[in-house]
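Since chain A is already given, all that's left is putting chain X on it; use the hints.
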Amino acid sequence: MSNLTDITPLRWLMRNPIWGFVVIVFIFFSLMSDHFFDYRNFQNILVQTSTIGLIALGMTLVMINGNIDLSVGATLALAAAFAVDVQSWAMFATWGNWQILPAVSLALLVGIALGAFNGFIVWKTGVDAFIVTLGAMLGIRGLVFVYSGESSFYAMNFAYSDFSALSFGPFPVLAVIFLLCTLIVHLLLSRSVHGRNTYAVGGNREAAVNAGIRVGPHMMVNFMIIGFLAALSGVLLSTQMGAATPNLGRDYELWVITAVVLGGTKLTGGKGDIVGTLGGVLAIGILRNGMNLMQVPAFYVYVILGSILIAVLILDKRFNRTADGGLRL
Amino acid sequence: MLLNRLKAGGPAIAKQGILVAFILFMIVFSLMSDRFMTADNIMSVFRQSAIIGVMALGVTIVVIGGNLDLSVGSMLSFATVLVVDLHDKIGPELAIPVMVLATLCLGAINGFLIGILRLNSLIVTLGMLSAIQGLVLIYSGGQNVDIADQRGTWFAFFGRGSVFGIAAPILIFALLAVVFHVIMKTMPFGRKVYAVGGNPTASVFSGIPRSRVVFMTYLISALCVSVAAIILGSRVMGSQNNVGQGYELQVLAAVILGGTSLLGGAGSILKTVLGVLMLAFIQNGLILMGQPYYTQWLVTWAVIIVAVWLDVAAKRGRLFSPIA
Chain A
1 MSNLTDITPL
11 RWLMRNPIWG
21 FVVIVFIFFS
31 LMSDHFFDYR
41 NFQNILVQTS
51 TIGLIALGMT
61 LVMINGNIDL
71 SVGATLALAA
81 AFAVDVQSWA
91 MFATWGNWQI
101 LPAVSLALLV
111 GIALGAFNGF
121 IVWKTGVDAF
131 IVTLGAMLGI
141 RGLVFVYSGE
151 SSFYAMNFAY
161 SDFSALSFGP
171 FPVLAVIFLL
181 CTLIVHLLLS
191 RSVHGRNTYA
201 VGGNREAAVN
211 AGIRVGPHMM
221 VNFMIIGFLA
231 ALSGVLLSTQ
241 MGAATPNLGR
251 DYELWVITAV
261 VLGGTKLTGG
271 KGDIVGTLGG
281 VLAIGILRNG
291 MNLMQVPAFY
301 VYVILGSILI
311 AVLILDKRFN
321 RTADGGLRL
Chain X
1001 MLLNRLKAGG
1011 PAIAKQGILV
1021 AFILFMIVFS
1031 LMSDRFMTAD
1041 NIMSVFRQSA
1051 IIGVMALGVT
1061 IVVIGGNLDL
1071 SVGSMLSFAT
1081 VLVVDLHDKI
1091 GPELAIPVMV
1101 LATLCLGAIN
1111 GFLIGILRLN
1121 SLIVTLGMLS
1131 AIQGLVLIYS
1141 GGQNVDIADQ
1151 RGTWFAFFGR
1161 GSVFGIAAPI
1171 LIFALLAVVF
1181 HVIMKTMPFG
1191 RKVYAVGGNP
1201 TASVFSGIPR
1211 SRVVFMTYLI
1221 SALCVSVAAI
1231 ILGSRVMGSQ
1241 NNVGQGYELQ
1251 VLAAVILGGT
1261 SLLGGAGSIL
1271 KTVLGVLMLA
1281 FIQNGLILMG
1291 QPYYTQWLVT
1301 WAVIIVAVWL
1311 DVAAKRGRLF
1321 SPIA
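Protein chains in written order, with the working numbering: chain A, 1 to 329; chain X, 1001 to 1324.
Check the hints yourself; a few may be wrong.
As the list claims (entries may be wrong) - Here are the simulated lysine to any residue pairs, SDA-like style, with alpha carbons at most 20 Å apart: (1) A/Lys271 / A/Phe26; (2) A/Lys124 / X/Leu1262; (3) A/Lys124 / X/Arg1118; (4) A/Lys317 / X/Thr1201; (5) A/Lys317 / X/Phe1112; (6) A/Lys266 / A/Phe21; (7) A/Lys266 / A/Arg196; (8) A/Lys124 / X/Trp1309; (9) A/Lys271 / A/Tyr199; (10) A/Lys124 / X/Ala1314; (11) X/Lys1185 / X/Arg1212; (12) A/Lys317 / X/Arg1118; (13) A/Lys124 / X/Arg1318; (14) X/Lys1315 / A/Phe130; (15) A/Lys317 / X/Leu1117; (16) A/Lys317 / A/Arg15; (17) A/Lys317 / X/Ala1302; (18) A/Lys266 / X/Leu1262; (19) A/Lys124 / X/Pro1322; (20) A/Lys317 / A/Pro17; (21) A/Lys317 / A/Thr268; (22) A/Lys271 / A/Asn204.
Said to hold, decoys possible - Chain A residues, not near chain X, derived (Cβ > 12 Å throughout): (23) Pro9; (24) Met14; (25) His35; (26) Phe37; (27) Leu46; (28) Ser152; (29) Tyr154; (30) Leu166; (31) Pro172; (32) Thr182; (33) Leu183; (34) Leu187; (35) Arg191; (36) Ser192; (37) His194; (38) Phe299.
What the hints contain is simulated information worked out from the structure, not anything from laboratory work. Glycine included, C-beta positions come from ideal geometry on N, C-alpha and C.
The shape of chain X in the complex, shown without the other chains:
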């Protein structure tokens, strides 16, 4: 039934399933709570979603390239602890580049093992998840870190500042989303990532340097993590040494919700932004409706399965799997 209607409405609507679901959720929440559709609330949801959002941009590119990155959570812990700890030791103008470089090195290790050595990305990044978590704990000695002078530093801008009344995290997230969208849709590099993820062998025969492209996707992912770490460190002005634990799965959930295929070769930055916002609005809406915090995870469970199911069903042309 539903599927026939989806098909009848043409592929255009079927492809925009996430957008339809997003609008439906927004309508339901606005009807259920009169505080939901206010400028303040919308802005605060945008601000809260910026950290996961920025990370999701990088992971989307990795996934379009046909790989996974489960190490972003640990990497976020690493980068945040590093930038916060170095802030008081060498000043923010040095701490930020040092942290970005160190995080890029971790991304380069991922990229080398997966892009050049062609190892399985799920297991490599799983190993990196554990190894980086260990590194953070060794570096911090198990202690939490914080910034002593929280008011006098310009580092506070990234998490707490605003320009023309729009919070800095939102601006950073929006800017990166636009940049990566343009790169993925209009530039040769973007087309190469789609090609490598869609059909690795064919991409090699077309003269695309597959290893280098995959390597680059992991560098981009690490870069996104370091930006997220700047926002997070600046907002909290401190960091627990396991602050990013579990982020990898929330990020992946947002990417999957945005319709990016785990098989690679398909997906879009803008739809990932929709996925991120949808998860954030579900969380916010349920809390405004007075539901316990953890109800959002139950709803996320259902939303992920239904969203991907409809996506898969639309592609194969029937609702249920033909497996006996």
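Extracted from the complex, chain A is given alone in its bound form:
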């Protein structure tokens, strides 16, 4: 999808206005706060954004498809609960640190399975993904509470809760995982057949069917990818806290959708990319981190984010008005 020849930085920025915003807030906070422009703080921002960022990667695929997934926050919580709880099952008691392996594998499988279930329902019933995943969001959250008996799980294995403090040289491991996933999903979307089909299905579903794309299974794969990423995000979040609470990830779907839309992905499908989504995720991350450092109460972040989201929409409408040249009354 990318056109690398004769593309100037300015034109690139016109197409990805969110990166302009990222640069502006970056410079703003560097000037305003003594603690912002610091390598350790950059590490922090990447680690803090990795949770929402991972899910946003999957959401980009699903939204380019013309679908949406509201169940990611609940999936994250269920995966985190499994990852922390399964370690302490009696059958793995003698496994030492290896007990983490079945726990994390099971958590990721649960994420993939829930995604597959959502995708299968959307495929076979033809019910809108918004409704299917709205139901799943309530239902999976119910599963979390039923499974956990409404209480939190705590990781007894310190190898697990210390994982998030590891780093590859100067790079914290969570940031590395996030950036690696970003690169993989970017390549998947921009260089693979599956990626091209993703745009085709979202752009014009009927044409995609006529071109021989099996739309149903294709959408299901994207739901499995977002399920996997939500579960991975849940596992990483639980290593950071050393625990899994049943309310984990509540409202994350809203943050994720905000980040993806800021990145220029259209809800109607067919448009968007990972570079934009990364910009949207970083914009939210830098804004939260910078305002925190300037000791602005967290309340204002909500107002600013909401306003930016709407402002982006208005600007988008201004510049792309030709697309909707309909009657105005």
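Leaving out everything else, chain X in the frame of chain A:
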């Protein structure tokens, strides 16, 4: 099989799927628990469902007009905190109109952005959800608010009072449901909302002021939220600053269960009332059967998907989607 039978029974039965499901649930719960079908229990379910119910009325009208409103949850927090906080400062007779006006302003912002500027309603109300939540927190300074004199104020009537033995929240909910039903079914405004939601372009060609109609639907939604806030504030006599969090999705679930299409142009106020009551009775019935509180969400999950599936299937004439 099921579908053939639905068709054989004529469109009349197929259209009343929610009513059939509702009656089935009621029968099952009455058989499983002898406390379910008692006047006390039925009344208490009605009372509990009033807040979500009143909000669902407004959201139904927005959805029939072809849009979504995800900001009602935050708006409920905003309105409840405002009315409770102002109650002790300027008295209830001033607090209520001030709160209603402020909430209508939020609705007008939604209406302006979506009706006049034609922005995507999902994203706009998502942004408003976040912005209004922030406003509430700034206004309250993160503190919860409450009313000092809980017994001496007539404000207590809306949540705790009753007329002829029927609780005030039920009366308010029933009254609003009837009013909006009449507006949507018999008045020009109602027909315009259906027209705009069903086919926006055609509605414009028919001379319907599409922008103004959409704008009005958001004002109605905000008005419903402010009524819900009066009931909630009066019942609790206080408010947490995130009291409405997550309400938007429960409300939407009830509206969808009532068979209102998210595409707009179809739906009914009375069926939304059925959707609201069905969710409330599922919750109540499962608790009376001794199930954990959260089981209701699992049942809701299944009920929503099956209900909408059957609806979609009846429209296209086959059970499974033709997508390859």
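Evaluation of the provided hints:
no., hint, in the structure
1, A/Lys271 / A/Phe26, "27 Å, violated"
2, A/Lys124 / X/Leu1262, "19 Å, holds"
3, A/Lys124 / X/Arg1118, "33 Å, violated"
4, A/Lys317 / X/Thr1201, "19 Å, holds"
5, A/Lys317 / X/Phe1112, "14 Å, holds"
6, A/Lys266 / A/Phe21, "18 Å, holds"
7, A/Lys266 / A/Arg196, "16 Å, holds"
8, A/Lys124 / X/Trp1309, "10 Å, holds"
9, A/Lys271 / A/Tyr199, "7 Å, holds"
10, A/Lys124 / X/Ala1314, "15 Å, holds"
11, X/Lys1185 / X/Arg1212, "19 Å, holds"
12, A/Lys317 / X/Arg1118, "9 Å, holds"
13, A/Lys124 / X/Arg1318, "11 Å, holds"
14, X/Lys1315 / A/Phe130, "19 Å, holds"
15, A/Lys317 / X/Leu1117, "9 Å, holds"
16, A/Lys317 / A/Arg15, "14 Å, holds"
17, A/Lys317 / X/Ala1302, "38 Å, violated"
18, A/Lys266 / X/Leu1262, "18 Å, holds"
19, A/Lys124 / X/Pro1322, "8 Å, holds"
20, A/Lys317 / A/Pro17, "13 Å, holds"
21, A/Lys317 / A/Thr268, "14 Å, holds"
22, A/Lys271 / A/Asn204, "11 Å, holds"
23, Pro9, "28 Å, holds"
24, Met14, "21 Å, holds"
25, His35, "24 Å, holds"
26, Phe37, "27 Å, holds"
27, Leu46, "23 Å, holds"
28, Ser152, "15 Å, holds"
29, Tyr154, "21 Å, holds"
30, Leu166, "33 Å, holds"
31, Pro172, "28 Å, holds"
32, Thr182, "23 Å, holds"
33, Leu183, "28 Å, holds"
34, Leu187, "27 Å, holds"
35, Arg191, "25 Å, holds"
36, Ser192, "20 Å, holds"
37, His194, "16 Å, holds"
38, Phe299, "4 Å, violated"
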